[in-house]
Amino acid sequence: MTLLALTVNDLSIYPKVGLVVFFVVFIAVTVRALRTPRNQVRHLASLPLDDDRKAPIIDAHDEGSARA
Amino acid sequence: MEEFVYNDAIVRKFLGATLLWGFVGMLVGLIVAFQMVLPIAVQWLEASVFSGPNGLTAALRLLYEHEWLSFGRLRPLHTNAVIFAFAGNAIFTAVYYSTQRLCKARMWSDLLGNLHFWGWQLIIVSAAITLPLGITQGKEYAELEWPIDLAIAVVWAGFFGTNFLMTLVKRRERHMYVALWFYIATIVTVTILHIFNNLWVPAGLVHLFKTGEMPSAELMMKSYPIYAGVQDAFMQWWYGHNAVAFFLTTPFLGMMYYFLPKAADRPVFSYKLSIIHFWSLVFIYIWAGPHHLHYTALPVWASSIAMVFSIMLWMPSWGGMINGLLTLRGAWHKVASDPVLKFFVIGVTFYGMATFEGPMLSIKTVNALSHYTDWTIAHVHSGTLGWNGFMIFGMIYWLAPRLFQTELFSKKLVAAHFWIGTVGMLLYIIPIYVAGITQGLMWRAFDETGRLAFPDFVETVTKLMPFYWARAIGGTLYLAGVVIGIYTIWRTWKNRPTKYDEPVQRAPALRKEYRDDAGERGEERLQGVVWAGRAMDKFVQGKWHRRWERLPIRFTGWVIVAVVVASLFEIVPLFVIRSNVPSIASVQPYTPLELAGRDIYVAEGCYNCHSQMIRPIFAETERYGEYSKPGESVYNRPFQWGSRRIGPDLAREGLFRPSGSWHLNHFYDPRSVVGQSIMPAYSVFFRRDIRFEEIQARVDAMAMLGVPYGEAINSAPEMAREQARAVAAAIIDEAGGFAEIRVAIWDLVLGRMPTSREEAIEALSQKKVIAVISYMQRLGTDLTRDGGAS
Numbered sequence: 001m002t003l004l005a006l007t008v009n010d011l012s013i014y015p016k017v018g019l020v021v022f023f024v025v026f027i028a029v030t031v032r033a034l035r036t037p038r039n040q041v042r043h044l045a046s047l048p049l050d051d052d053r054k055a056p057i058i059d060a061h062d063e064g065s066a067r068a
Numbered sequence: 001m002e003e004f005v006y007n008d009a010i011v012r013k014f015l016g017a018t019l020l021w022g023f024v025g026m027l028v029g030l031i032v033a034f035q036m037v038l039p040i041a042v043q044w045l046e047a048s049v050f051s052g053p054n055g056l057t058a059a060l061r062l063l064y065e066h067e068w069l070s071f072g073r074l075r076p077l078h079t080n081a082v083i084f085a086f087a088g089n090a091i092f093t094a095v096y097y098s099t100q101r102l103c104k105a106r107m108w109s110d111l112l113g114n115l116h117f118w119g120w121q122l123i124i125v126s127a128a129i130t131l132p133l134g135i136t137q138g139k140e141y142a143e144l145e146w147p148i149d150l151a152i153a154v155v156w157a158g159f160f161g162t163n164f165l166m167t168l169v170k171r172r173e174r175h176m177y178v179a180l181w182f183y184i185a186t187i188v189t190v191t192i193l194h195i196f197n198n199l200w201v202p203a204g205l206v207h208l209f210k211t212g213e214m215p216s217a218e219l220m221m222k223s224y225p226i227y228a229g230v231q232d233a234f235m236q237w238w239y240g241h242n243a244v245a246f247f248l249t250t251p252f253l254g255m256m257y258y259f260l261p262k263a264a265d266r267p268v269f270s271y272k273l274s275i276i277h278f279w280s281l282v283f284i285y286i287w288a289g290p291h292h293l294h295y296t297a298l299p300v301w302a303s304s305i306a307m308v309f310s311i312m313l314w315m316p317s318w319g320g321m322i323n324g325l326l327t328l329r330g331a332w333h334k335v336a337s338d339p340v341l342k343f344f345v346i347g348v349t350f351y352g353m354a355t356f357e358g359p360m361l362s363i364k365t366v367n368a369l370s371h372y373t374d375w376t377i378a379h380v381h382s383g384t385l386g387w388n389g390f391m392i393f394g395m396i397y398w399l400a401p402r403l404f405q406t407e408l409f410s411k412k413l414v415a416a417h418f419w420i421g422t423v424g425m426l427l428y429i430i431p432i433y434v435a436g437i438t439q440g441l442m443w444r445a446f447d448e449t450g451r452l453a454f455p456d457f458v459e460t461v462t463k464l465m466p467f468y469w470a471r472a473i474g475g476t477l478y479l480a481g482v483v484i485g486i487y488t489i490w491r492t493w494k495n496r497p498t499k500y501d502e503p504v505q506r507a508p509a510l511r512k513e514y515r516d517d518a519g520e521r522g523e524e525r526l527q528g529v530v531w532a533g534r535a536m537d538k539f540v541q542g543k544w545h546r547r548w549e550r551l552p553i554r555f556t557g558w559v560i561v562a563v564v565v566a567s568l569f570e571i572v573p574l575f576v577i578r579s580n581v582p583s584i585a586s587v588q589p590y591t592p593l594e595l596a597g598r599d600i601y602v603a604e605g606c607y608n609c610h611s612q613m614i615r616p617i618f619a620e621t622e623r624y625g626e627y628s629k630p631g632e633s634v635y636n637r638p639f640q641w642g643s644r645r646i647g648p649d650l651a652r653e654g655l656f657r658p659s660g661s662w663h664l665n666h667f668y669d670p671r672s673v674v675g676q677s678i679m680p681a682y683s684v685f686f687r688r689d690i691r692f693e694e695i696q697a698r699v700d701a702m703a704m705l706g707v708p709y710g711e712a713i714n715s716a717p718e719m720a721r722e723q724a725r726a727v728a729a730a731i732i733d734e735a736g737g738f739a740e741i742r743v744a745i746w747d748l749v750l751g752r753m754p755t756s757r758e759e760a761i762e763a764l765s766q767k768k769v770i771a772v773i774s775y776m777q778r779l780g781t782d783l784t785r786d787g788g789a790s
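Protein chains in written order, with this note's numbering: chain U, 1 to 68; chain L, 1 to 790.
With the rest of the complex left out, here is chain U (with noise of 0.2 Å):
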């Protein structure tokens, strides 16, 4: 037994093949990003900010208990 036998060289197709779909996968992702409209991407990115109501921390304790 020996370290050769660790290695398999007939599989290095797998690792090529999986580098190639992650990078097809990389730039369609990157086109899709880029190419998103300026006026789509102000609204997607604002959504978490338009679902509820404001709720400042206040420090009732620290300040005499505002709710008093």
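There may be inaccurate statements among the hints.
Derived DEER-like restraints, expressed as beta-carbon distance ranges [claimed, not checked]:
#1 Val20/U to Thr462/L: 49 to 57 Å
#2 Val20/U to Gly675/L: 53 to 61 Å
#3 Pro466/L to Ile13/U: 49 to 57 Å
#4 Ile560/L to Thr30/U: 20 to 28 Å
Chain U regions said to be covered by chain L (calculated; three or more residues, Cβ under 8 Å) [said to hold, decoys possible]:
#5 24-33
#6 37-48
In short, the hints are calculated from the structure, not lab data.
Only a predicted model underlies this, so the values are computations on that prediction, with no experimental measurement involved.
All C-beta atoms in this analysis are idealised placements derived from N, C-alpha and C, irrespective of residue type, glycine included.
Add chain L to chain U, keeping to what the hints say.
Using the frame of chain U, we list chain L on its own:
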């Protein structure tokens, strides 16, 4: 317009559970941190301060030697509690709160939400009971046994996944915000990981079907994985690493993309970057698992691919981190006064640090030094305490006033939590980084004569004691911060209104037909152009992706494809190509007694401190002997290669330390044979009997998985009894007779001194210690038998 009310009651429940289990999980962590230093401290107290044992030292001993509290059983409880209970409940808090708002819809089913909540808490309680009892699969972060695994699958995918996806389907906001993508990735990937890493054969069920007799509870809970050795190691770290990725990273990124803009009151810095961040992370992360197995018996190609993809992870991880921090552009002045933002800034910064260090540790030459050392522990804790812990508390402090509809009780206390937690975290991780690097360097140090500079492993342990003390103090401070946080939230909750206000929300239902006009100008431009050009234009317009972002089921499908395809590229060749695991003729299945001993080894969680994997590195072969071969592990279900060496590697223990009486004394009192050892004593091995009759079910389950057991299929208990008597007789003879074995050991075994050699052999052969010793004596000996490879 449709009217609806958000279900915040379920969010409040998960928030409370987060705090409760956070305290429990971190308290257990603190106990295991003290277990590293107490054995030597108690020894010193008894020798130098108290002139012998007293009530205090007995109580302290209980903390690390009681069987339910031993390090090997408690450490998995700590990791499971902080990951699945603390972080898990926090994830559910975030998902249930933000999904409703981002979808403009109440969660689809209140019933499923409640089943999810109570089911998950029941799973956590089951873990808290079974792990200290030694009921474990023996695989890191996947310790929970098969009935609990089934419950996790039902609660996670059946209750949580269904409720979440149906909420997406019924949403009133056309577009799915990026946080929801991260939640989708979390739910589907964790489901896949959990199912495929937890395929097993339950030994108790095999016994029940074969004999019709009800097995004991211990046997009923016992299972063996369908994978063995190399393949089990691969599947485990494919799971283990991606548990970090898809349980401790993607849902927290979803949390970051939702709560950070909310807290800063400005949109995320770059939504475009978040799209690239998401897909790159999902696609790359899944490949990285085998970097946990560099230089092991895993084929080199598998760990090399993992290293390449791990390094590629730098890009999306730092893209996300930068996106998070730059969201605060123009709002940095708020950080000084807003404790929520303080927590988020430190959390995101630690995400950046941990995701810089992770790829660095995956580089083989760095990994050769860091692996098995405390460096990994420091890395993990910078991620969990900094990134996960601080993101969770930032979120909780932001949510509390909104959920409890009152002001936060005290901003000063929140600030105190922040600063005490930060100092505690630094005091934890910095000494442990130093400890890890010290440990790695000491293991590989040679003196001028070419011999190991520290041949005695325990030298490399005692050197670390000051760092372990600093870690325990740092952990105490971090937990103190958490207690302050719990107190603050409790006081805030106490100020809640008598009845919560439930404002009615209004939003129009989504129309079925939708026209995406973002690419219309391109369409006009391309009038009369050939089909290929039209298709290319459609692609670059990105309409296909925008369409997915409106179709949750299709989007989920593509996430599954990304995760599965990437996984299959690694899994398929490892499983189908036999040359990956060359067989070794002399490697035989464990005898029934050795198998029973191995099961005890697994149950005690010995893999938490001892590896069984000698890497082909000169310093390791000098210290432990011939490096480990893939073919040596073919009957190991589960594999026990380990990931950390608090104690020495045991892969060749049978060759290195064949003496049964040495092991007997070592299990009874480790410090009586290794002066500065920090291993707990295992008196339980001397009190408890081997359940010989149940060994047959264990052998049958292994045989069902293809282990060639031959005659043991019909006579396992008899074979085990015979070997146990032989091992016990050899120990007594080696000691020079039963009278030479300590009285205290016989007190545990028999309640008195035996009166004859035969009685001594019979009594000793019944005890668990004999099964464990037989396993220890077997370890690593296969290669030296006739027919062994070299």
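For the segment 24-33 of chain U, does the count of residues with a C-beta closer than 8 Å to a C-beta of chain L reach 3?
Three-residue rule met by the segment 24-33 of chain U, so holds; n is 8.
Within 49 to 57 Å: is that where the Cβ-Cβ distance between Val20/U and Thr462/L falls?
52 Å, holds
Is the coverage entry for the segment 37-48 of chain U by chain L consistent with the three-residue Cβ rule at 8 Å?
holds (count 10)
So the hint says 20 to 28 Å: do the beta-carbon atoms of Ile560/L and Thr30/U match that?
Because 22 Å falls inside the window, the suggested range holds.
Do the beta carbons of Val20/U and Gly675/L sit within 53 to 61 Å of each other?
For Val20/U and Gly675/L the Cβ distance comes to about 58 Å; the hint holds.
Could you see if the CB distance from Pro466/L to Ile13/U stays within 49 to 57 Å?
Since Pro466/L and Ile13/U have Cβ atoms about 51 Å apart, the given range 49 to 57 Å holds.
Comparing the model with each earlier hint shows no violations; every hint is respected.
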